[in-house]
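If you read the sequences in order, they're chains A and B.
Take the first sequence: its letter number 141 is residue 473 in the working numbering, and every next letter is one higher.
Take the second sequence: its letter number 161 is residue 240 in the working numbering, and every next letter is one higher.
It should be emphasised that the hints constitute simulated quantities derived from the structure, not laboratory data.
Incorrect hints may appear among the rest.
[What the hints assert, rightly or not] Computed cross-link-like contacts, DMTMM-like style, restricted to lysine to aspartate or glutamate with a CA-CA straight-line distance of at most 20 Å:
#1 A/Lys534 / B/Asp406
#2 A/Lys534 / B/Glu338
#3 A/Lys534 / B/Asp208
#4 B/Lys178 / B/Glu156
#5 B/Lys349 / B/Glu156
#6 B/Lys183 / B/Asp195
#7 A/Lys421 / A/Asp410
#8 B/Lys183 / B/Glu198
#9 B/Lys349 / B/Asp393
#10 A/Lys534 / B/Asp195
#11 B/Lys417 / B/Asp406
#12 B/Lys417 / B/Asp393
#13 A/Lys534 / B/Glu198
#14 B/Lys349 / B/Glu338
#15 B/Lys178 / B/Asp195
[As the list claims (entries may be wrong)] Using C-beta positions, here's what the derived DEER-type ranges look like:
#16 A/Arg352 / B/Asn184: 34 to 40 Å
#17 A/Ile370 / B/Thr288: 50 to 56 Å
#18 A/Phe564 / B/Glu231: 34 to 40 Å
#19 B/Asp406 / A/His549: 44 to 50 Å
#20 B/Glu227 / A/Leu496: 56 to 62 Å
#21 B/Glu227 / A/Phe564: 35 to 41 Å
#22 B/Leu301 / A/His549: 25 to 31 Å
#23 B/Gly179 / A/Leu496: 42 to 48 Å
#24 A/Trp362 / B/Gly179: 56 to 62 Å
#25 A/Thr475 / B/Thr288: 47 to 53 Å
#26 B/Gly179 / A/Leu625: 54 to 60 Å
#27 A/Trp362 / B/Thr239: 34 to 40 Å
#28 B/Glu227 / A/Pro557: 23 to 29 Å
Just so you know, even glycine gets a beta-carbon here, dropped at the ideal spot from N, CA and C.
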Amino acid sequence: MSTVNTQHAAPTGLWRARLRLASQSLRESWQLFARTRIGIIGLTIIGLYALLALAHPILMNTVWEPRTYDPVVGYAFDETQQPAPPSLKHLLGTDPLGRDILSQLMFSARSEFLLGLLAATVTVVIGTAVGAIAAYFGGWVDTLLMRLADIMIMMPAISVLIVLSALIGVEHFELALIIGILSGFGATGVVLKSQALSVVVKPYIDAARAAGGGHFHIILIHIVPNLLPLSFLYMMFTVTSAIFSEAVLSFLGLLDVRMSWGLMIHTTESAGYLLQVTDFWWLIFPASLSITLLCSAFYLVGRSLDEVVNPRLRSR
Amino acid sequence: MNGSSGISNPPSRTLISAVNLSKLYPVSEGWFRRDRSFIHAVDGVSFDLARGETLGLVGESGCGKTTTGRMLVRLTEPTDGQVLFNNESGDLEDIAHLKGAPLKNFRRRAQMVFQDPYESMNPRRTIFDTVAEPLHVQKIGDHSERFERVSETLSMVGLTPPSSFLFRFPHELSGGQRQRAAIARALVMNPSFVVADEPTSMLDISIRTGIMQLMGELADQLGISYLYITHDLAVARYMCSRIAVMYLGKIVEMGETEEVLRNPVHPYTKALLSAVPVPDPGADREPVTIKGSVSVPVDPLPRCRFYDRCPIADDFCRDNDHPPLEDKGAGRLAACHKA
Numbered sequence: 333m334s335t336v337n338t339q340h341a342a343p344t345g346l347w348r349a350r351l352r353l354a355s356q357s358l359r360e361s362w363q364l365f366a367r368t369r370i371g372i373i374g375l376t377i378i379g380l381y382a383l384l385a386l387a388h389p390i391l392m393n394t395v396w397e398p399r400t401y402d403p404v405v406g407y408a409f410d411e412t413q414q415p416a417p418p419s420l421k422h423l424l425g426t427d428p429l430g431r432d433i434l435s436q437l438m439f440s441a442r443s444e445f446l447l448g449l450l451a452a453t454v455t456v457v458i459g460t461a462v463g464a465i466a467a468y469f470g471g472w473v474d475t476l477l478m479r480l481a482d483i484m485i486m487m488p489a490i491s492v493l494i495v496l497s498a499l500i501g502v503e504h505f506e507l508a509l510i511i512g513i514l515s516g517f518g519a520t521g522v523v524l525k526s527q528a529l530s531v532v533v534k535p536y537i538d539a540a541r542a543a544g545g546g547h548f549h550i551i552l553i554h555i556v557p558n559l560l561p562l563s564f565l566y567m568m569f570t571v572t573s574a575i576f577s578e579a580v581l582s583f584l585g586l587l588d589v590r591m592s593w594g595l596m597i598h599t600t601e602s603a604g605y606l607l608q609v610t611d612f613w614w615l616i617f618p619a620s621l622s623i624t625l626l627c628s629a630f631y632l633v634g635r636s637l638d639e640v641v642n643p644r645l646r647s648r
Numbered sequence: 080m081n082g083s084s085g086i087s088n089p090p091s092r093t094l095i096s097a098v099n100l101s102k103l104y105p106v107s108e109g110w111f112r113r114d115r116s117f118i119h120a121v122d123g124v125s126f127d128l129a130r131g132e133t134l135g136l137v138g139e140s141g142c143g144k145t146t147t148g149r150m151l152v153r154l155t156e157p158t159d160g161q162v163l164f165n166n167e168s169g170d171l172e173d174i175a176h177l178k179g180a181p182l183k184n185f186r187r188r189a190q191m192v193f194q195d196p197y198e199s200m201n202p203r204r205t206i207f208d209t210v211a212e213p214l215h216v217q218k219i220g221d222h223s224e225r226f227e228r229v230s231e232t233l234s235m236v237g238l239t240p241p242s243s244f245l246f247r248f249p250h251e252l253s254g255g256q257r258q259r260a261a262i263a264r265a266l267v268m269n270p271s272f273v274v275a276d277e278p279t280s281m282l283d284i285s286i287r288t289g290i291m292q293l294m295g296e297l298a299d300q301l302g303i304s305y306l307y308i309t310h311d312l313a314v315a316r317y318m319c320s321r322i323a324v325m326y327l328g329k330i331v332e333m334g335e336t337e338e339v340l341r342n343p344v345h346p347y348t349k350a351l352l353s354a355v356p357v358p359d360p361g362a363d364r365e366p367v368t369i370k371g372s373v374s375v376p377v378d379p380l381p382r383c384r385f386y387d388r389c390p391i392a393d394d395f396c397r398d399n400d401h402p403p404l405e406d407k408g409a410g411r412l413a414a415c416h417k418a
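With the hints as constraints, model all of the structure from the sequences given.
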């Protein structure tokens with residue numbers, strides 16, 4: 333009776349069940365997440381910056397005249413003196429080179445997001461693979477990967493990046509890869525391995541082996557899905573460190589990028605306005621505040637996700 | 080690799096036999112250490128299992144019964160000895176060190192049911208995914224055939240109608256239902272041999288009988304042989320035609336269940352039996368007490384394993400090697416110098 337049209341019931345029923353689990357766990361996680369106020373604050377800040385990033389190309393095509401408002405080669409001909417303080421036409425003023433600061437801020441937001449997400453994705457893909465493989469195989473594979481992790485953790489990221497950017501031209505893409513590799517093979521890999529260790533001893537791994545499942549099957553079907561919540565959490569922390577590293581490097585003028593928040597501070601510094609905060613606040617605050625806010629926003633979301641993923645941390 | 084040992088069953092009836100099976104675990108791994116110690120988890124265990132027979136493996140925790148079971152389905156590779164499996168062509172094949180495709184092929188015919196139904200299923204996979212996993216990794220059938228087969232197996236283990244279980248997740252099922260699903264996973268490929276590692280010990284008393292009845296019926300229906308691992312003598316009595324009692328990696332007594340339980344030969348079996356509570360406060364029974372507690376068999380001395388705790392041991396037991404499993408009459412095997 334129940335097996336009348338199994339041919340069609342099988343795949344659809346299966347997908348419906350999987351969707352149900354996904355939506356159910358998403359809903360439960362969201363409820364836990366929403367209960368932690370810091371997560372909501374972080375998410376709001378991220379949302380605001382995402383809006384800024386999305387709005388920039390629209391503004392450039394409609395209201396803002398590219399000759400004046402281009403974040404890199406624009407010049408505010410309407411101002412007599414550069415840097416000009418905030419006005420109606422330039423809400424955050426202009427920089428020492430006569431470029432609109434709000435436009436720079438919004439333009440950079442997009443590349444900060446792209447950088448952060450790419451670095452986080454690379455980290456998580458590598459970290460999950462390293463963690464699952466080290467925990468599953470153990471033995472010399474584990475030893476090799478963990479000693480490599482030690483090296484990655486010991487490596488001072490910023491100094492390495494300084495050397496690398498001196499040797500090869502580092503842009504956002506390369507930066508994201510480097511951060512992703514350092515963190516994925518390093519700390520994130522170690523944390524995910526410790527989580528994977530608690531998965532590989534479960535009887536369902538034995539059951540899969542007894543069924544004849546190969547290494548690939550077990551890692552991909554049984555271990556990785558159980559690591560994903562933690563992986564996702566570490567994505568958030570990587571975004572923070574990526575944005576921060578980018579700011580440091582471009583402040584030092586070591587990044588080969590057209591515009592970024594760090595570069596905005598760099599321009600201010602090289603024009604000699606860095607220490608005159610009270611007189612030229614609009615040169616420093618927008619960029620540095622953005623770095624701080626976006627970094628902490630991702631960190632807050634991460635902290636809040638931590639409570640969702642780690643039941644022990646939940647405060648009731 | 081011809082299996083030559085004291086096989087008591089004629090080869091055609093024997094499904095699987097362990098021959099001098101041992102598993103040693105190094106105590107401390109050191110690259111440069113020479114004097115390595117080993118835990119003798121299982122030490123020279125031999126027995127045969129006939130087609131359709133249920134052999135109980137009884138003993139306290141840490142005696143090596145689970146390791147023995149795992150070696151028979153090759154979840155653990157034996158350090159020494161052979162596992163002879165009667166394959167389709169009727170030859171005895173040593174599966175102790177199989178690899179690759181032959182091992183995968185063997186896995187179709189030998190399965191395991193695990194102790195903890197709460198941990199033996201991936202919480203992120205549906206019951207269908209879990210039960211169909213063996214079919215999936217062995218590439219048996221296409222999707223609709225697998226679906227058909229999983230449904231059949233689920234109704235066979237009493238999860239009816241299957242449609243209301245297929246797309247559930249383990250956490251939505253009760254312990255008994257989960258264990259039924261775990262049995263379905265083990266049976267979906269129609270194996271001839273199943274190791275059941277205390278499948279009822281984590282369940283409520285009220286549903287244990289149901290699971291045991293189910294396993295008994297399935298064995299009769301499908302002609303499955305079980306190696307039934309348990310520490311509960313009542314369960315062993317219910318499930319098994321023969322039992323083997325293990326102590327510190329050795330089988331100390333083996334025989335027909337009723338015989339062994341009614342008239343134990345080995346002092347350890349006697350002690351085990353006297354530890355079973357009798358539901359009659361007036362019952363008169365001679366208590367057998369043994370000293371100390373179960374130890375860890377790290378590089379055991381060449382003497383009877385039970386010497387330290389045995390109430391009847393003497394100097395002979397101390398000075399001589401662990402006694403072999405000998406016929407003590409009426410098909411009963413026991414390993415004791417004194418009995």
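Okay, the hints, checked on the actual structure:
Taking the CA atoms of lysine 534 of chain A and aspartate 406 of chain B, the gap is about 40 Å. The hint is violated against a cut of 20 Å. With a CA separation close to 38 Å, the supplied pair lysine 534 of chain A and glutamate 338 of chain B exceeds the 20 Å bound. Proposed proximity of lysine 534 of chain A and aspartate 208 of chain B is supported: the alpha carbons are some 17 Å apart, at most 20 Å. A threshold of 20 Å between alpha carbons decides the hint, and for lysine 178 of chain B with glutamate 156 of chain B the separation of about 10 Å falls inside it, so the pair holds.
A C-alpha spacing of about 32 Å is found between lysine 349 of chain B and glutamate 156 of chain B, which places the hinted pair above 20 Å, so the restraint is violated. At most 20 Å may separate the alpha-carbon atoms for a hinted pair to count; lysine 183 of chain B and aspartate 195 of chain B exceed this at roughly 24 Å. Distance check on the hinted pair: lysine 421 of chain A and aspartate 410 of chain A sit about 9 Å apart at the alpha-carbon level, within 20 Å; holds. Between lysine 183 of chain B and glutamate 198 of chain B the CA atoms are separated by roughly 24 Å; this puts the pair beyond 20 Å, and the hint is violated.
Taking the CA atoms of lysine 349 of chain B and aspartate 393 of chain B, the gap is about 18 Å. The hint holds against a cut of 20 Å. Taking the CA atoms of lysine 534 of chain A and aspartate 195 of chain B, the gap is near 10 Å; set against the 20 Å cutoff, the hint holds. Taking the CA atoms of lysine 417 of chain B and aspartate 406 of chain B, the gap is near 13 Å; set against the 20 Å cutoff, the hint holds. Distance restraint check for lysine 417 of chain B and aspartate 393 of chain B: the Cα-Cα separation of roughly 9 Å lies within the 20 Å cut-off, and the hinted pair is therefore satisfied.
The suggested pairing of lysine 534 of chain A with glutamate 198 of chain B holds, with an alpha-carbon distance near 6 Å, which does not exceed 20 Å. Between lysine 349 of chain B and glutamate 338 of chain B the CA atoms are separated by roughly 12 Å; this keeps the pair inside 20 Å, and the hint holds. The hinted pair formed by lysine 178 of chain B and aspartate 195 of chain B fails the criterion: a straight-line CA distance of about 28 Å is larger than 20 Å. The hint said 34 to 40 Å for the Cβ distance between arginine 352 of chain A and asparagine 184 of chain B, and at roughly 36 Å that hint holds.
Taking the beta carbon of each, isoleucine 370 of chain A and threonine 288 of chain B are about 52 Å apart, inside 50 to 56 Å as hinted. Checked against the hint of 34 to 40 Å, the C-beta distance between phenylalanine 564 of chain A and glutamate 231 of chain B comes to roughly 39 Å, which is consistent with it. Look at aspartate 406 of chain B against histidine 549 of chain A: about 46 Å separates their beta carbons, and that is inside 44 to 50 Å. Here the CB-CB span from glutamate 227 of chain B to leucine 496 of chain A is close to 58 Å, well matched to the stated 56 to 62 Å.
Checked against the hint of 35 to 41 Å, the pair glutamate 227 of chain B and phenylalanine 564 of chain A passes, with Cβ atoms roughly 37 Å apart. The supplied range of 25 to 31 Å is met by leucine 301 of chain B and histidine 549 of chain A, whose beta-carbon atoms lie about 26 Å from each other. Checked against the hint of 42 to 48 Å, the C-beta distance between glycine 179 of chain B and leucine 496 of chain A comes to roughly 44 Å, which is consistent with it. Checked against the given bound of 56 to 62 Å, the beta carbons of tryptophan 362 of chain A and glycine 179 of chain B, roughly 46 Å apart, lie outside it.
At roughly 49 Å, the beta-carbon separation of threonine 475 of chain A and threonine 288 of chain B lies within the given 47 to 53 Å, and the hint holds. Between glycine 179 of chain B and leucine 625 of chain A the beta carbons are some 56 Å apart, a value that agrees with the proposed interval 54 to 60 Å. Between tryptophan 362 of chain A and threonine 239 of chain B the CB atoms are about 36 Å apart, so this pair conforms to the stated range of 34 to 40 Å. Here the CB-CB span from glutamate 227 of chain B to proline 557 of chain A is close to 26 Å, well matched to the stated 23 to 29 Å.
Comparing the model with each earlier hint shows violations of hints 1, 2, 5, 6, 8, 15, 24; every other hint is respected.
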